[in-house]
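Peer 1: Here is what each chain is made of, one letter per residue.
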Amino acid sequence: MITSATQQLRASYAFVERNAYLIRRYWSWELVWLTYSIANSLSVSYIGLGIEKMGGQNIDGRQLVLYLVVGTLVWRYLSLLFYWITDMIALERWEGTIEYTLMAPIHRLTHMLGQTTFAVTYSLLFTGIILAVTVKLFQIDLSNANLVGATLVMLSGSLSFIGVGIVGSILPLLFPERGAQMTHVIIALLLLVSGVYYPVEVLPHALQQIAVVSPATYVLEGTRSALLDGLPTIQLWAFVRPALIAGAIAIPIGLWLFGLAERYAKRTGKLHRNG
Amino acid sequence: MNEIAIHVQDIYKNFHKQSSFPWPRRNGGEVSRQVVAVDNVSFDVHKGEIFGVLGPNGSGKSTLVRLIATLLLPDGGSITVFDHDVVRDPMAVQRLINRVSVEASFFKKLSPMENLSYGARLYGLNNRQARIQIREILNRLGLEASSVGKPVEEMSRGMQQKVAIARALLTHPAVLLLDEPTTGLDPRSKREVQSLVCELRDQEGTTILLTTHDMVEADTLCDRIAIMDSGRVVALETPEKLRSLVPSQNGHAPTLEDVFLELTGKKLVSEEANS
Chain A
146 MITSATQQLR ASYAFVERNA YLIRRYWSWE LVWLTYSIAN SLSVSYIGLG
196 IEKMGGQNID GRQLVLYLVV GTLVWRYLSL LFYWITDMIA LERWEGTIEY
246 TLMAPIHRLT HMLGQTTFAV TYSLLFTGII LAVTVKLFQI DLSNANLVGA
296 TLVMLSGSLS FIGVGIVGSI LPLLFPERGA QMTHVIIALL LLVSGVYYPV
346 EVLPHALQQI AVVSPATYVL EGTRSALLDG LPTIQLWAFV RPALIAGAIA
396 IPIGLWLFGL AERYAKRTGK LHRNG
Chain D
216 MNEIAIHVQD IYKNFHKQSS FPWPRRNGGE VSRQVVAVDN VSFDVHKGEI
266 FGVLGPNGSG KSTLVRLIAT LLLPDGGSIT VFDHDVVRDP MAVQRLINRV
316 SVEASFFKKL SPMENLSYGA RLYGLNNRQA RIQIREILNR LGLEASSVGK
366 PVEEMSRGMQ QKVAIARALL THPAVLLLDE PTTGLDPRSK REVQSLVCEL
416 RDQEGTTILL TTHDMVEADT LCDRIAIMDS GRVVALETPE KLRSLVPSQN
466 GHAPTLEDVF LELTGKKLVS EEANS
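Which chain is which? The protein sequence lines are A and D, in order. End of the first sequence sits at 420 in this note's numbering; the numbers just go up one at a time, nothing left out. End of the second sequence sits at 490 in this note's numbering; the numbers just go up one at a time, nothing left out.
Same shape as in the complex, but just chain A (with noise of 0.2 Å):
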């Protein structure tokens, strides 16, 4: 029976558990991913050279390079958060065992927690070896930068995405076929208006807007300004803030849309069709 806390969390591992599993099963898939995600970083990373090169004197291309090294790293651990969180529902929507699990004894939120440990595990390992790559690869050198501030502005942006993963995972439970694929908009919106690959001052006025309200924005800024000009710990409050109220925010609201999804598929009956 479970009434504890301490069964809720000991259920909760057992979401840890079952995806530790299916990388091991899948392990061919994750190599492949991988082995994309660290091409794309790089492809995205060389556009910093290519640009010095095709004429760009003024252009400093290796601060353009870290640039992009920043942005598409943080955009990959982001983005694989927000994956994995939506993966709660995806997944089993894929594998046709959504009913099995959500019949089962436990809180949403104990649910939500699991697939939520894993995902920040799951996302600091795959980020941190295309880092390893990429600073090898172009011998970065770090020795200026506030490792620890940008790991706490990733981790506080975090819970923000936590937030967003679960308003995405709301899709796969309403739409069985194609949820899954619907959650692209979310994170493709994101990518737009937060200044991964630009500064969101060349945005349209309407998009600066949209990009205030984005945690990701927060998320790059602070990071950048953390391993590209060594700000100090105490001085990156200024761009975790905003990402802990965003989490603040998204979290209560994205449980509470959950919630509401929830009783709208066992409503009208979508639990049992698979995607």
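Each statement offered as a hint is correct.
The calculated lysine to aspartate or glutamate pairs, modelled on DMTMM-like cross-linking and capped at a C-alpha distance of 25 Å, are:
1. K232(D) with D254(D)
2. K323(D) with E322(A)
3. K415(A) with D300(D)
4. K411(A) with D259(D)
5. K411(A) with D298(D)
6. K415(A) with D254(D)
7. K281(A) with E197(A)
8. K232(D) with E407(A)
Just so you know, these hints were derived from the structure itself, not from any lab.
Following the hints, put chain D in place on chain A, whose structure we already have.
Peer 2: Below, chain D alone, put in the same frame as chain A:
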């Protein structure tokens, strides 16, 4: 008087089937229609009873099971499992029940051990003890020790169904919902599953609700049978009393098929369903 395990009172469930995109309406046609899946059904299942629900495809059997399993919300009426309401207190119900459905839903790449270990953790079982139990149950169900670590997708349909039953047994449910557990199984696997169902009731006192369109199975296993057609219970009796509703023809004792034909004017398994 026997304790009531499942109390179903005037339960009603319909689904809106949307035929196309809601706009524009062509030819003034309706964009959605209502399908009544369960139509004011009432019955009690006693503790330790094997209660059969017999009916053709689309008669509402699986919807009824999903309503009891907290996977669907009713539009009217109420269901309690050992006095716990499935809508007001779903987690209490979830602790008491488990379900085996016609489709053995597993993480296909994971092994029976990994899938069952996941299930055990979800239900708050101690992992070390659960692993011992998993081997015992799978061995009892005739699964070779070498199959325990292989991906479920490499197993036959019959073996997968046995693993699904093992997963349900692992949590020692007071109420076991078996939704067409032997559909698609070969005769030998079918008999093994059927003897297990009897064993469960006799040795552990488990209350079992079994849906099937196999008349022999219902006749052999069930203490009482509810015959469903178009969402309604058209008869509810012991197998003997049900057969007595129909006079014998040409010296042959009537079967449950004859009873169904007499009560509904339809064959239990249509030729269309068989093709």
